[in-house]
Each structure stands twice: as structure tokens, then as C-alpha cells.
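Full structure from sequences and hints, please.
Single-letter residue listing:
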Amino acid sequence: MSFGIPFFPQEASSEAGQVDALFYTLLAFSVVLGLALTGLVVGYAVKYRVGSKADRTGKRSRSLPLEMSWTVASLVIAFIFFGWGAALFVRRDHPPADALEITGLGKQWMWEFRQPGGQREINELHVPVGKAVVVSLAAQDVIHSFYVPAFRIKQDAVPGRTTHIWFIATEPGRYHLFCAQYCGTQHSEMGGWVTVMAPEQYAAWLNSQAEGETLAAGGEKLFRALGCSGCHGASSKVRAPSLDGIFGRPVALDNQQTVIADERYLRDSILNPKKEIAAGYEPVMPSFDGLIDEGELQMLLAYLKSLSPQPTAGARP
Amino acid sequence: MTNVAMPGTYLGDGTGPRAWLLTTDHKRVAWLYLISLTAFFFLGGAMAVLMRIELATPAGDLVSDDVYNRLFSLHGIIMVWFFLVPSIPATLGNFLLPLMIGARDLAFPRLNLASWYVFIFGSLFALFAVVAGGVDTGWTFYTPLSTLYANGWVSTAAFGVFIVGFSTIMTGINFIVSVHTLRAPGLTWFRLPIFVWTLYATSLVMVLATPVLAASLILIVLERVFGIGVFNPDLGGDPLLFQHLFWFYSHPAVYIMILPGMGVVSEVLPCFSRRPLFGYNAVAISSMAIAVFGFLVWGHHMFVSGQSAYAGVVFSFLSFCVAIPSAIKVFNWSLTLRKGEISFETPMLYALFFLALFTFGGLAGLFLAALAVDVHVHDTYFVIAHFHYIMVGGMVTAYMAGLHFWWPKLTGRMYSETAGRIAAIVTFVGFNLTFFPQFVLGFDGMPRRYHTYPPEFQFWNVLSSAGAVVLAIGYLMPLFYLGWSLFHGARAPDNPWNATGLEWQTSSPPPPHNFETMPIVTRPAYAYDMKGLEHERFSPHREEAAP
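One line per chain: the protein sequences are A and B, in this order.
Residues in the first sequence are numbered from 1 upward in steps of one, following this note's numbering.
Residues in the second sequence are numbered from 1001 upward in steps of one, following this note's numbering.
Mixed in with the good hints, there may be bad ones.
Quick partial rundown of chain A residues pointing at chain B, CB under 10 Å, derived from the structure [stated by the list, open to error]:
(1) Ser52
(2) Phe151
(3) Glu189
(4) Asn255
Using 25 Å as the maximum straight-line C-alpha spacing, the simulated SDA-like pairs for lysine to any residue come out as follows [to be verified]:
(5) A:Lys47 to B:Trp1497
(6) A:Lys59 to B:Asn1432
(7) A:Lys107 to B:Tyr1149
(8) A:Lys107 to B:Ala1356
(9) A:Lys107 to B:Gly1060
(10) A:Lys275 to B:Trp1497
(11) A:Lys53 to B:Ile1228
(12) A:Lys47 to B:Leu1062
(13) A:Lys53 to A:Pro65
(14) A:Lys107 to B:Ile1228
(15) A:Lys131 to A:Pro116
(16) A:Lys47 to B:Ile1422
Here are some chain B residues pointing at chain A (derived, C-beta under 7 Å) [what the hints assert, rightly or not]:
(17) Ala1059
(18) Asp1065
(19) Phe1317
(20) Leu1337
(21) Val1375
These are calculated hints, taken from the structure and not from any lab test.
Owing to the predicted nature of the structure, the values given are computational and were not obtained by experimental measurement.
A virtual CB, placed ideally from N, CA and C, is assigned to each residue, including glycine.
Encoded structure:
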């Protein structure tokens, strides 16, 4: 910040400084190369302008050593930047195992978040400083994108699948949350604030919020209300497989294949149950597509995940 | 003199609407395109100016959000498909390709005229969509917004783009066949002007990529009209499938747009430096490399879309690879100036500005190819700035360079050199003022396609909006002095720039069949350094031509 004119954005996550290090290196490289080329061209333009007395002997219109060396140099520099960017990027898939799990749902035109304890927020997200937070993202209608510039992170929320983004906030404060993927009429209004708080303040804030039920608890109610428990209940193993510990486990299908029961599999099995049928069971389950909305689906998934004892945050396929 | 139609030239070969609208002369078809594309350029440009005025303040006070969304959607659709993709190929390419290869016309003259009618037919759909109420999907038509939630004339606009795609394919086929079969005796592949090489590479991409766009647009219409599930997850489809299909076309389309610009600059720089193009072979081959690699990098538009991280790594790697041939070209263009006799006529100014803007736009591309940085700046103004540096700073600047370079050949008239130089400088200043602040905005986190924005972004937005006004003046100026020169300009000599290239060996403007006697080529392209030829003025009908 200088004179109220923003130039350098705030850095407020563990990721931000590392992304900026690469950004500023690229910037320095670009400025040096760009100015060198500009200087070269302007220099030639002045020196070899029509009528100038410059020495023009030894003209060449090709030079294999020169052309080879700038090709190789470009390749080496490109691969360095590629490797650096990729090394930072692949960590997106590997959140710490003890991360706090928050679910986020994008819909035209708001963000709805649910804390692990069930507290709901609209266009506001409260997180503790210094703790890894995973946001599981879903979209109700069209594609949205969860973007917090101060954290240097962005992830699309896509209808029909669950995506994830994680971060460790490092500075208490309030930061812009934007929707970065164009989503219709009020796209530019779809956003809000991420509030980063000291852990004790965050705990106090959680307590002050209306004690909503947790996602998993809501999911358990839905599981009964929708009749899932009639077939999938612990005692009923005749018509449908038991779902105890299902999440993350391999499931044998009737077409001889085996899939891991990840979020994608569970989601598809609820909305499109005939797609992948567990071996040994008749395909009698009806589709719940259109009967439940994206938020209810998130609750059901949270409940099914809660039936698995092992920590799941790190083992995300 | 106010007689535009000079007797004995293609311009005097029949006047009146019928002679123009039913012509199969590639030079007249080029004019049909030039006039239509100029109209689209200013229509799309007017939308951009409206957007920039709206963005001068953080609140949405000039137009409503729905109108703003329609403005940027139609700006994108018009500028990409109704200006940039056909711009240089269909105008300068159409006019010059036969002249440069020493042919009397393109291989399929009637197909060439048909392509213009198809273009006009398709553009009527797009114009209807504008008048009837617009489209609010963005030029990218992302699903499920475009299929289920958009309330504009999506199918109409998409169908218009679909039809225009066929016009592109027709032009591409025509160019490929012409380059293969109609080259003059002695004009081997490695004696071709780079402009012909780039048109050839462009045509290959047009023919191979456009059908994929056609397929994806048809799938959108099928899903929107008949409810067939392709992209809609509720019907068993996948929204990301659309992005894969769309960018499989639209990334190569970026090279459709920029390659011909590279070709123009490769003609202009040697001419005004009086030097052969440095590293001709490398420039020719890197054009083909760009065309090939351009097909393998579409996933870099999707790093944060939910695509697998490992796919992201592969696409990032390939994107860095495609930077190499572009870098090679920049080095070669720069070295071309070395030890030349450089003069700064209008086309040269535009070409030098191209070199600067393309270099900086290309360097910004490295940021976007670097995965972790892209995560931050993706879908922000940084991306807007990057592709406008390439598409407008690069392509449109090259288009202006070419238009001024070949204007004497097109019209037989000279324009005011002073006016031309002023317009070039105004454009360059206006362009940088408009788009450089957008790099900063993007790094600061302002998302693209925002009708309103937080107040802290205002400073850079005001600069950008001010620049847009300057840029608009820079683009309007040629409309007047080029238009004036058409009627009142001094008669142009056959080779006013003393350039090599077969197109300069015939009269200005050329006769209906291009060459009185067919040329024979005995020299490489850009033979500006051959003994005794440095300052030679070519005569229209060379004595060495075949009987």
C-alpha cells in the first residue's frame, strides 16, 4: 500500500508468501528480459537509422550458435519456472490430516458455509488463525469459484461434484471473498468476507452462534426421513449393503470392477444408483436426483463419512 | 482526383453492387471482408468503451448488471469470432496470398466468395441476438450457465458462431490448397514469405480445430432445446466436458488469431530495416511448432476447474513448451534490425509497437503457465490484460501495420504519413494506459466480468478507463485518413516501400488477374541484402518473367 493506491496485495496465508516469491521472481525476470529486449531494439533503431554512420560490416542473417543458445536458454528458464510452479501447486491435493473441515455451497448469488459444529454462515466465513482449514465446495446451480486474493487461493465449485481447497490463515483480519467464475446476473455481488480470528476468539465466536446441528447430524436425520435406513440400516443386510465404514473403502461392483467409495462414488450412488451397482445386490434403489438439493446431499455425505472411524481429511482421493 | 475505381485495375473491373457482390476476385472478396470486419470491430469496440466507462466508478451506475453482462459477452463473441479470427486471413491474407505466391487467384475462387456469404449469414444471427436482447453467458458459453440458467438468446448466438465456423473452414481449405498447388515456378517452400507460412499454419489450425467448436456448440443447443444430457450433471452429463471441448478449439484459436499477425510483422520489419529476416528457417518452423503445440495446451484454462492436479501439471509443462517458439521469433525479429538501414514509416512504427506489446504480453503468459501463480490470477484482470496484450496489442497492432503497409497495393493510393504516425503513437500510448493497470488489478485480486467492484480497486480502473478513450481515438483516426486517401490520396507507385515480394512486382492496384506476365522466383524471401539489390526499385513487369 502506498498513498492509498494498492499495488502489493496483502499476504494472509501460508501459501501467499510462497506464491508471491514465484510471482516476484517472474516479475524480475520479465522486467529484466523485457527491458533488455526493448533496449536492444531501441538501440538498434537509433544506431542503424537511415543515414547513420554506424559500422555495418559483418552483417549476418543467421547464426546457428546464437539461435541454438537462445533456444536452449529459453527451455532451461521455462522448465525452472514450470517446476517451481508445479511444486507449489501439487500441495493443493494434500491438506494436513488434522485440518478443520468446513463445507461451502455456492448458489446464485451467495456463499453458504457450515462450520464443523453446524453453525451456518452466509457470505461470511470465520476461521482460526494458524490452523489448516479445508473447504469442501459444492455448487447448487452453476459453476462458482471460491477466491480469497489475500490467501492466493482459488477453486471452482462445480455442480455434480465436490471439490476442495485448503489454507492456513496467518494474519487475523477481514479479507475479501470473491466468486471468480462468472455465474450470471449478480456475479459481481456474490462474495463476502473471510474473518481470520485468534483461536480463542474463534472458539468464543463459535459458542455465540446459534447452535446448529452438525452436518452429519442433519444427514443422519435425512437418512431416516428419506427412507435410506430402511434398506441400508445396520440390521438390514438383505436388500442393500451396510454403510458402516463405507467411506474410503474398496467396493466390489457387479461388473467385476472395484472402486474406492470416495465422495464421487457416494454422490453418484445417491443420484444415479444404477451406474455402479455393488456386487451381490439387486439394482432396486431409486434415484434421489431432484428429490434432494445440493445442501442436503452435502449433509448425507457428511453423515456417511462420519460412519468411518479413521480420520479422512488426508486421504482424499 | 476522386475516382476510386481505376480503369485497368481490379478496382475498375466492373463497378456497381452486382460486380462487387458476385465477384470471385480474391482482391474484391478481401474488400467485402474488410468492410464487414471493420463494422464489427467498431461495434465490439463501442461495447468495450461502454464497459470501461461503467468501470470508472466502483458502483454500477451507468448500466444495469444484466446489460453489463451482455456487453462483455457480446464484446467477446464479436471480437473473437467476427473480427479477430477472420481479421488478417480473410482481408490481407485473401488479398495477398495469391499475389505473394504468384497466382492469379485462390485455388477455389467461388468457395472464397461463398465463405463471405456464410460469414454474413452467421453474423446476422449474432446481430439478431444483439438486437433481440443479448446474450449473458460470456463468450465462453460455460455450462450449465449457458444451457440451464442463462436468459438471453444463447442458441441464436451459438448458432451464429457455428455458421461462421464454416466460413473459417472454407477459407482454411482454400489457403492450404492454394499454397500447395499454385506457387509460382521457383517459389520453393523455404522461399515463401513468412506471411504465407503463418497463413498456412493458421489454415491448418482452422480446419482441424473449428469442427470441435461446431460440435460443442451443437451439443449446447441440443441440451438447451431438447434437454439431452451432455453437460448437465442432473442428466448424467459433466460441466467440465464442455470446458475441455471448448478450449480444445479456443486455445488453438488464439494461435489462429496471432499467427497471421506474426506473419505481417515478419514482412514489415525486414522491409524497413533493409535486412533479410534473421533466422528465416527458425521463424518458419516455429510457426508450424506453435500450430502443433497449440493443440496440446487447452487444459491450462482449467487449472482450478476441478480438473485433476496431475493433468494441470502436464498442461503447465506443455504451455511452457509453447512459449519457446514465440520467444525464438521475438529474438529473430529483434536481430533483424541489426546493421540495417532503419526508417520509421507508419507500418514500421506499428510493427515495432507490436514487438514490444507482444513481448510483454508473452512474458505475462509465463505467469499464467506457472501453476501456483495461475491459481491466484486465474479469472482476474491479469488474464484480461495478458490476452489483450496479445490479441489487441499484438494482433490488432499487426493488423494495422499490415493495413498501412499494403494500403498502397490495395487502393493505389498513399495516405498521410504524418496522420499515420500520430495514430500509431496514440494507439500505443492508449493501449498501455488501458491494459497495463489491469495487470496490477489482477494481481491485487479483482476478478474479471465484474460489474461492480470494491472501492480500493478504483485508482487502476480509472487509469484503464482513461486509456480506453485514448485507444478509441487511436483506432478511429485511420478510419478518417485512410478513408480520405481512398478518394484524395496521392497515386501510389507500384512498390512504394521498395520491398521484395511478388505482390510488389505487379501494379498498384493490381490488374484483375494479378500479373500481366507470370513471375518466376529466383531468390529467397527478403533478399534485401543481395548485391546490387539493396536499393533497387522493382519494375511492375520484370524482364526475367517467363514468356
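Hints, one by one, checked against the model:
{"no.": "1", "hint": "Ser52", "result": "holds, 8 Å"}
{"no.": "2", "hint": "Phe151", "result": "holds, 9 Å"}
{"no.": "3", "hint": "Glu189", "result": "holds, 7 Å"}
{"no.": "4", "hint": "Asn255", "result": "violated, 17 Å"}
{"no.": "5", "hint": "A:Lys47 to B:Trp1497", "result": "holds, 21 Å"}
{"no.": "6", "hint": "A:Lys59 to B:Asn1432", "result": "violated, 34 Å"}
{"no.": "7", "hint": "A:Lys107 to B:Tyr1149", "result": "holds, 12 Å"}
{"no.": "8", "hint": "A:Lys107 to B:Ala1356", "result": "violated, 43 Å"}
{"no.": "9", "hint": "A:Lys107 to B:Gly1060", "result": "holds, 22 Å"}
{"no.": "10", "hint": "A:Lys275 to B:Trp1497", "result": "violated, 69 Å"}
{"no.": "11", "hint": "A:Lys53 to B:Ile1228", "result": "violated, 72 Å"}
{"no.": "12", "hint": "A:Lys47 to B:Leu1062", "result": "violated, 50 Å"}
{"no.": "13", "hint": "A:Lys53 to A:Pro65", "result": "violated, 29 Å"}
{"no.": "14", "hint": "A:Lys107 to B:Ile1228", "result": "holds, 23 Å"}
{"no.": "15", "hint": "A:Lys131 to A:Pro116", "result": "holds, 14 Å"}
{"no.": "16", "hint": "A:Lys47 to B:Ile1422", "result": "holds, 23 Å"}
{"no.": "17", "hint": "Ala1059", "result": "violated, 11 Å"}
{"no.": "18", "hint": "Asp1065", "result": "holds, 5 Å"}
{"no.": "19", "hint": "Phe1317", "result": "holds, 6 Å"}
{"no.": "20", "hint": "Leu1337", "result": "holds, 4 Å"}
{"no.": "21", "hint": "Val1375", "result": "holds, 5 Å"}
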